[in-house]
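The task is simple: from the sequences and hints, build the whole structure.
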Amino acid sequence: MKMLRKVCLTLLAGMFLAVPFASADETELVIDGSTTVGPISKAFAEYFMEENPGVNVTVSESGSGNGIKSLINGACDIGQASRWMKEGEFKAAVENGVFPVAHVVGLDGLAPVVHPANPVGNLTLDEIRDIYAGEIRNWNEVGGPNMGIVKVSRDTNSGTYGVWQDVVMRGKDISADAEYVGSNGAIRARVQNTRGAIGYVGLGFVDRTVKGVSVEGIEPTPVNTATGRYPIARPLYMFTNGYPELGSALHRFVTIHMTPVGQSLVESIGFVPQTQY
Amino acid sequence: MKENEQNNYISCKNGNPASIDGLVMSERARRIRRGGGMLMHLFLLLITASSAIAVLFIFFYIGRDAIPFFQSRGFVEFFSKNNWYPSSENARFGALAIFYGSGIVALASILIAVPVGVAASVCLSDILSFKARQIAKPIIEILAAIPSVAYGFFALVLLAPMMQNMGGLLLAVVTTVFLAPVTLIVLILFSDIASSKFRPTLRRHMRIALMIGGGVMGIIALFALFSKLAAIQITSGTNALNVSIILAIMALPTIVSVAEDALQAAGSGLREGSYAMGATRAETMIRVVIPAASSGICAAVILGFMRAIGETMVVWMASGNAAQIPQPWYNLLEPVRTLTATIAGDMGEADHITGADRYHVLFAMGLCLLVISFVLNLLSEWAVMRSRKKMRGE
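Protein sequences appear in the order of chains A and B. If you're matching positions, the first sequence starts at 1482 in my numbering and goes up one per residue. If you're matching positions, the second sequence starts at 105 in my numbering and goes up one per residue.
It should be emphasised that the hints constitute simulated quantities derived from the structure, not laboratory data. Keep in mind that a hint or two might mislead.
Unchecked claim - Derived coverage of chain A by chain B (criterion: at least 3 residues anywhere in the stretch with Cβ under 8 Å from a Cβ of chain B; other residues may be distant):
{"hint": "1", "stretch": "1624-1638"}
{"hint": "2", "stretch": "1674-1680"}
Stated by the list, open to error - Which residues of chain A face chain B? A partial, calculated answer using Cβ under 10 Å:
{"hint": "3", "residue": "Ala-1524"}
{"hint": "4", "residue": "Gly-1578"}
{"hint": "5", "residue": "Phe-1580"}
{"hint": "6", "residue": "Gly-1652"}
{"hint": "7", "residue": "Glu-1660"}
{"hint": "8", "residue": "Gly-1663"}
{"hint": "9", "residue": "Ala-1670"}
{"hint": "10", "residue": "Arg-1671"}
Because the structure is a prediction, the values reported are computed rather than measured. The C-beta atom is built at its ideal place from N, Cα and C for all residues, glycine as well.
Below you can see the structure in the form of structure tokens.
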């Protein structure tokens, strides 16, 4: 009986002692914003929570605009965005005492892809735009065989579609006869078994079943994208309020992309890591 | 509880001395039983009503989120314009091509499914033996049990490349195989009718001459059609025809089982009466049984149409989702976009905070779909009711 009591007391004391330690180490990181950057944050969060059991990371995806808004309101620690902050957003942030610092965690590069049997290997940005706008309708207009062009696009919701709109279409509408599919994989599947097809996928999805097309003479490779030579690409941002205190959980999180593990995580989701080797 | 029983017992003894214990209930027990019965009734009514209430709620909630769209954009653009750019900077919501897509795909699938389905149901109800029917019907019904994503996968991965690689030839062979027997039947009927105009002595020769002449013409026509179809190049395999074929297969079990029920319901009396008048089996089927079951067949067609217009997964995967009205409008070899696929595809990032119209327009489409299927459902209900009345001879 006495023994039992002793054990109980020890356990109880242990609990009280343990609580302060636990709470000191337990931090919460709240991430909100772009659905494009979301998968990177989620992969980082999974890896980070495994390495730091005391830290709880929550990732929500409500769009770049909302992510930046919640950073300004102090509702999140990291606002993820697939675009740069707008002037009005900066103003609102500074007025609220928030000084946004951008961390580029990776690059979102898109490659036009065609059927492997298609001899066309290079297109200019204008040619690609005119193909998608429906002004170029046959491959023989861009040096290919006499074959109708089947345009395949991502659904209008995706961030991929957004980049394509911004960088390639530049204000022109994609013509009504373009086909829409729901994922990078689906575009690849459509292109690899349609002779006249052209599509666009994240760089990570170009494999030997489809042929990546050079744009303005530059091959869509990760190195060309990271060095900025390849035109259809954009940086992906994580915004924090000021540069995080060195060594803090937040600091460790926004520097994951600089580690080999972080780079392979970025690559595994189909984005281009910020490395040039 | 125990008290209760005792009470019952006592009241039985005292209240109704002539009764035998256990056979006649006391007033109180009767009241409890009646109350319980009423409670049970109420409970069942509630369960039944809940599904009706659910329909009302669906109408209410979809309508509530659809109205803001019409308030901000009006009706004209949505129903009459042909430009679907919901996520661009200056968003446009002209959904005419999408309504067209839903309509053409459902219509084409019905055009394929109805002749096949009705023929199959006639075969099941009047031609096959009982034993063969017991085997054939469940096999047709299996078609309804295959998940639609499996159909979609088949359409995308098998049918689409097949159409692209040997589309024209495939079309030509399938059309010829279907048209050849039809031509033969038409030819025989035509030469029979035409030769009966002549004198009996000439009739036989005329008939043979007509058959040979018509046969040669028919073969030439079929060959011309074959070579024309074989020359067609299909650039994109994910098109309206691909989806229509798959939707037709998916609508078949519905059509076959409802139409077969209608044919069965026509009864053996009607058939025997027809035979007794000297009609052949073909005449009995075409002139008596099918007209008698026409309302039921009509209901089958409407139900099949609903199945086709409401299907989402297959069209999202295999229709190409291009919001266009092809040139000419009956060109089934072009990709189209349907209402259901648009809702499924555009749902992802459309939320009512960042893009109010973009979010509400999907509800407007849902409301349109709901109204269409509601009207069709009423129509089929009416058709079934009419066929029942007709069967009863009212």
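Structure-based check of all given hints:
no.	hint	verdict
1	1624-1638	holds (count 6)
2	1674-1680	holds (count 5)
3	Ala-1524	20 Å, violated
4	Gly-1578	25 Å, violated
5	Phe-1580	25 Å, violated
6	Gly-1652	8 Å, holds
7	Glu-1660	4 Å, holds
8	Gly-1663	6 Å, holds
9	Ala-1670	7 Å, holds
10	Arg-1671	7 Å, holds
Checked against the numbered hints above, the structure violates hints 3, 4, 5; every other hint is satisfied.
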